[in-house]
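*Asks:* We have chain B; now place chain Y onto it with these hints.
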Amino acid sequence: MFDYQFFLEVLIGGLLSGVMYSLVAIGFVLIYKTSGVLNFAQGAMLLFAALTFVSLVERGAPFVAALAATLVIMIALGIATERLVLRPLVNQPPITLFMATLGLSYVIEGAAQLLWGTQVHGLDIGISDTPFEASGVLISRFDLFAAAVAGSLVALFALFFRYTRTGLSFRAVADDQFAALAVGLRLPRVWAAVWTVAGIVALVGGLLWGARLGVQFSLSLVVLKALPVLVLGGFDSITGAIIGGLLVGAIEKLAEVYVGPSFGGGIEAWAAYVAALALLLIRPSGLFGQKLVERV
Amino acid sequence: MPVLTPAKSSWFSGETLWIVLVIVAAYGIVPLAGSDYLLDAVLTPFLALSLAAVGLNVLTGYAGQVSLGSAAFLAVGAYAAYNLHLRVPALPLLIDLVLAGGVAAAIGIVFGLPSLRLRGFYLAVSTLAAQFFVQWALTKFSWFSNDNPSGVIDAPVLSIAGSAFTSAAERYVFSLTIVVVLTLLTLRLLRSQSGRNFIAVRDHEIAAKVIGVPLLRTKLLAFAISSFLIGVAGVLWAFAYLRTVEPAGFNLDRSFQILFIIIIGGLASLRGSFIGAAFIVVFPLLLSRVGAALLGSVFDSGVLEMSQRIVIGALIIVFLIAEPRGLIALWDRAFAAVRPAKRPA
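Sequence order for the protein chains is B and Y.
Going by my numbering, the first sequence opens with residue 1, and the numbers climb by one from there.
Going by my numbering, the second sequence opens with residue 1001, and the numbers climb by one from there.
Just so you know, the hints here were simulated from the structure itself, not pulled from any lab data.
Heads up, some of the hints might be wrong.
As the list claims (entries may be wrong) - Computed from the model, here is a short list of chain B residues facing chain Y with C-beta under 10 Å: (1) A69; (2) S105; (3) G110; (4) L230.
Note that beta-carbon positions come from the ideal geometry of N, C-alpha and C, so glycine has one too.
Here chain B stands alone, though its shape is the one from the complex (with noise of 0.2 Å):
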């Protein structure tokens, strides 16, 4: 016999953790959006922020005074990037960019474990993983707990985009880059923000996942995981990032559960890859991606 209830425990918990892909993949989109480059350091920023935050707390720093130096070197860690990796590279094809950033994950995760060691330290941010029923079906605190975290990021992101002057010009610059240029924007300065502002989104991620898995090398791995989420929701969308995070949770534990046995198991690994490839086949750019034109 089916088990409902059991079914909808594994959906509920596949969407919560969702969320936490959601989180990451929202910092490649705000990258992606607004300079084209699809920033495979995000997962080592992510690493990076946890762990420098890990690390000052248990070097006896308070809680929030580790938060604002951490955010202050995400800050600094963007605006260099922008410098020293970006702007040399302008005009070049994005798949220049690409590479570039896979570079630049290097060297951030070879800093990072450089200057804090490699040993995995624990994170608690104060939210117990004990789970609670509601209505016959097991929840945990936690995912709820990061599940409104993301949803209050998202919502924060969309006020500011759409009510204050940085937000405006970020949409400007995702709209039309030349446009952009030619009404005055200064595009270094708002991809120093862009990268400041994913910078903030790697923290935020970095602390909720640090906290699930412990922060340690795996972390940055957790890119691997966005990436899908990514290629469904379409490079281009907050809204494809949000959807395509639930979609591959929820696809992950539904096919782990449910397919993984006729498999042998562990079929965790890359059966977003498989659904995201399939969708792909039938939309070439994503659930929510921009169609793009092309010419000669």
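*Replies:* Same frame as chain B, now just chain Y:
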């Protein structure tokens, strides 16, 4: 990609002479190498990685399709050759080698199919599917590793027509011969119509389609050739270099390593693949020597690994900014500076 392709040169040009000289030197190094260390730890892995880089260069450098799944095809080649040798003992090793490349090519075509609809990032991400799927399959199904619980395989002795290649020097010569033959074949292919189709698709896909380049065939051919070469490289990596391999050795880092080889060496340059591979093999050895000499005991293996990551990553960025055509462009420029100018005829 902003890469120039050298003009087609005639058969009797200085190029042929150079190729012959390099090959003679590569064989001649054996008696001079002295220790097995140089052959075993430097030259043999260099050859395997060079061949893999040649393969990826066909796909990424020439045909413009970025792949992040090279290590998967290395693994497919290695495990295919192992199983062919184990389960069809009648086949000679060279046939195993070619068939293993064929298996890798077949899987390459399957994972290349999305390239018909996807471009750029979407394609790069979809090649990651190959990476994860192959690694999972090799670990999960113990049939591939002949029921070894950890998926480790021990490579058989390399032997052709009764003569075994066991010593470091013999395994080097074996690898060298295969790499030379396949590289020369690839060179011929790239200068045929197919090779020009690759470049046309890379430089402007729509324009290529308009002038009548068959996109489907060209892209799939690029994937097939590339995976074949990488698959054979995987056999060399497993059989001639490591001699005992596990799926975990073919992880995403290995894929990136091969991509880095062609970026540092030079995209769309076969010579670049070799220079890049030499750099990637020698560089960690140099770094550990230099680091140990400068910093002493502080420079332990952990620090080494991290500083290696930082330097490699920084080099990638520096090369992309300062010399997108890679080491090979520096090399050519250095040579052009010392070569006497050609007199007008």
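*Asks:* Regarding the hint that B:G110 lies at the interface with chain Y, is the smallest CB-CB distance below 10 Å?
*Replies:* holds (3 Å)
*Asks:* Was the hint right that B:A69 lines chain Y, CB cutoff 10 Å?
*Replies:* Violated - the Cβ of B:A69 stays beyond 10 Å from chain Y, reaching only about 22 Å at its closest.
*Asks:* At a threshold of 10 Å, is the proposed contact between B:S105 and chain Y supported by beta-carbon distances?
*Replies:* holds (7 Å)
*Asks:* Given B:L230 as an interface hint, is its Cβ closer than 10 Å to any Cβ of chain Y?
*Replies:* holds (7 Å)
Figure legend: structure checked against the earlier numbered hints; the only hint not met is number 1.
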